[in-house]
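Each chain is listed here by its residues.
Number of protein chains: 2
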Amino acid sequence: MIRVAVLGYGTVGSGVVEIIEKNKKEVSERSSDEVGVKYILDLREFPGDPYEDKVVHDFDIIVNDPEVDIVVETLGGVDTAYKYTKEALLHSKSVCTSNKAVVAEKGPELLKIAKEHNCSYLFEASVGGGIPIIRPLNTSFTAERIEEITGILNGTTNYMLTKMDEEGVSYDDVLKEAQAKGYAERNPEADVCGYDTCRKIAILTSLYMGKTVHYQDIRTEGITNISKADFDYAKKLSCSIKLLGTSREVDGKCMALVAPFMVSNLSPLYAIRGVFNAVMVKGNMVGDTLFYGQGAGKLATASAVVADIVDCAINKGKNIGCKWEDEDVLLIDDSNKYFEYFVRVKREAEDEISKALNVKERIESDADKSEVGLILDTMSEERFFEIKEKFNDSILNYIRFAKN
Amino acid sequence: MIRVAVLGYGTVGSGVVEIIEKNKKEVSERSSDEVGVKYILDLREFPGDPYEDKVVHDFDIIVNDPEVDIVVETLGGVDTAYKYTKEALLHSKSVCTSNKAVVAEKGPELLKIAKEHNCSYLFEASVGGGIPIIRPLNTSFTAERIEEITGILNGTTNYMLTKMDEEGVSYDDVLKEAQAKGYAERNPEADVCGYDTCRKIAILTSLYMGKTVHYQDIRTEGITNISKADFDYAKKLSCSIKLLGTSREVDGKCMALVAPFMVSNLSPLYAIRGVFNAVMVKGNMVGDTLFYGQGAGKLATASAVVADIVDCAINKGKNIGCKWEDEDVLLIDDSNKYFEYFVRVKREAEDEISKALNVKERIESDADKSEVGLILDTMSEERFFEIKEKFNDSILNYIRFAKN
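Protein chains in written order, with numbering that gives the first Met the number 0: chain L, 0 to 403; chain F, 0 to 403.
To be clear, the hints were calculated from the coordinates, so they are not data collected in a lab.
Don't take every hint at face value.
Treat identical chains as interchangeable: a pair holds within one or across any two.
To be verified - PhoX-like, lysine-lysine: derived pairs with alpha carbons at most 20 angstroms apart:
1. LYS175 / LYS105
2. LYS322 / LYS24
3. LYS23 / LYS322
Please read all numbers here as calculations on a predicted model, not as lab measurements.
Chain L on its own, in the form it takes in the complex:
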């Protein structure tokens, strides 16, 4: 019997309990042992809940119970989640989590503790919800040098951008709708400002580089500036606009960025609609691969957590290795990042801007004759931001083109 304690009986935590019960046969068969929930830690009571008798309020009960093999951390936040995770690992209890904030901030430290205590720290659910991506990176791409990962990693913003693209809804209206449907939080910053995507690309990049990329160091631009006007131009370019997290290995260093991108309809990422996520992994041998599925949602995310539980159950008493060291990855600076840019500029400033820059293509706006769209030749981020600074009052918005 494998005994699990679930920390936090919220959306994902209750999904974990539900799947262990609903798919008991599959989970136990795959684990070669029966898997059951022994404790649920939550500050609240759950009268009438079928698992109400398993609810405890004191983490010490869990960490001091030698019968508990695996701790599921679905608390959210960093401080308490980190503290409990660390304690559990120090007691040789494996921890499975969906908490990307803790993984992005404390990953290598917790992985090290797990290794030293013959248990595991697994976090498949922290990126891409139910999409298997972390385990494939660690166990399937073992013959590869990963050259790039680019993904639509946040379902909320992809839902919003899809609506704007397909129905011409404004940013403000689509945000309100997403909030009403429960896709976006009352304070939507983590999603719309790209912070969530940033942590996820930091985790994926650290995994394939084998060293730590600090999410704080990744330039992160959200979708708050994206308007209907941008989508009108995008359509003329056979593009859609997607919030991407992207990173590439460049001579042992790393290029990483979170921003909205123009994605061509020839890219497999173009077709990823609504709340779905997709992660493109480019290996030096296998070329481009793509993993697609529900990036969020109770059961999809919980399914990934339970797959981690099964892995810990099979490997009871052993550490499941993970190539992610404490050492820092060096990020390349803006002078070495190159992109092709789309800019919307005030028509009155078009001549001046066109003189300063190589304009590849010019797109008229149907809706607003006071502006024009320009596609600029590939240039460095450093140079682009100089230009942008100089013409700040005349550049209405800018969007990079995705490479694929």
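Fit chain F to the given chain L structure using the hints.
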């Protein structure tokens, strides 16, 4: 040091040797040991080849060398490949293969021998080339009851169908072109008649059902009847035509089929173009997921074989479990399979056919006024084949609609 013997120095075999050399650092790091090729078994000599000194012609040298840990089987064909695989496993040497014919025909027997001899039989490369799909099925979807797998599993036919769709090329012309480019064999039967896809869906289905689906029992229709006319109708229906392998669990039994399908542009499979493959996995918790990448090609396929080598290296002396028993899966019969059908019929017979069937929609042909396209209401395969038999001279072609 992990010593590998490669059986068959053809496309995939030489790719395996190339990757072990080119990505030596990654492969050895992931294996926690140096990985090297000790023997290459081939009937031919390779004068001037950098590995010419490793070439041997006698399998006994390999199987009797206690230093050889892992045997890579990339011979193709069944008889010799099966014989050598079995012998290697009986000598406790793990075997990694891309040979779907052997896996589909002898999978459960070889898996059992591997288990009894504390080694492993791995075949990630046998389905989907470089796309990680077998390992995710075995290790990532462990919290799921898999309900359906549907995939574009053959790159040659997808290349041909894409060309027909996008460029209006005829079947005969596109086949000649594919043969000239080396995508299709001189005898293209295995691809165009769906036999290759059939073996692959049989393998995937056996893996998620945990029992054996015999590929010989799966109805398999190829693309040889697909014409420009079919694509003209498909376009009017916002569909493309794709050769799919598909299977579904139905109350412990299984529905499996290989055939060309009408795939709507809302399906993620619609956008899979050219030689690429994609596998859609539907779990009862995670919903739809999709895995996409190069389904063939030297290095992509070899990359999957080398990932298996790494897995065997890490698990030296142990069996990597696989839920695939010798017991047969029961397949449901035609009276329990339901599809929506598109048929092209001779206009002179339209009235009679429309009286016998529920026609949902009628599509005029622009090119040929002597025929018309009909979309028929969902019905069982049994009923459809009765109708087809009856109106055999008047039904020019039929294509099922994919469910997604």
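Structure-based check of all given hints:
Taking the shortest alpha-carbon separations for LYS175 and LYS105, neither the intra-copy value of 34 angstroms nor the inter-copy value of 57 angstroms comes in at or below 20 angstroms. Taking identical chains as interchangeable, the C-alpha atoms of LYS322 and LYS24 lie at most 20 angstroms apart only when they sit on different chains, with a minimum of 13 angstroms there against 32 angstroms within one chain. Proximity of LYS23 to LYS322 under the C-alpha cut-off of 20 angstroms is restricted to the inter-copy arrangement: shortest distance 16 angstroms between copies versus 31 angstroms within a copy.
Checked against the numbered hints above, the structure breaks only hint 1 and satisfies the rest.
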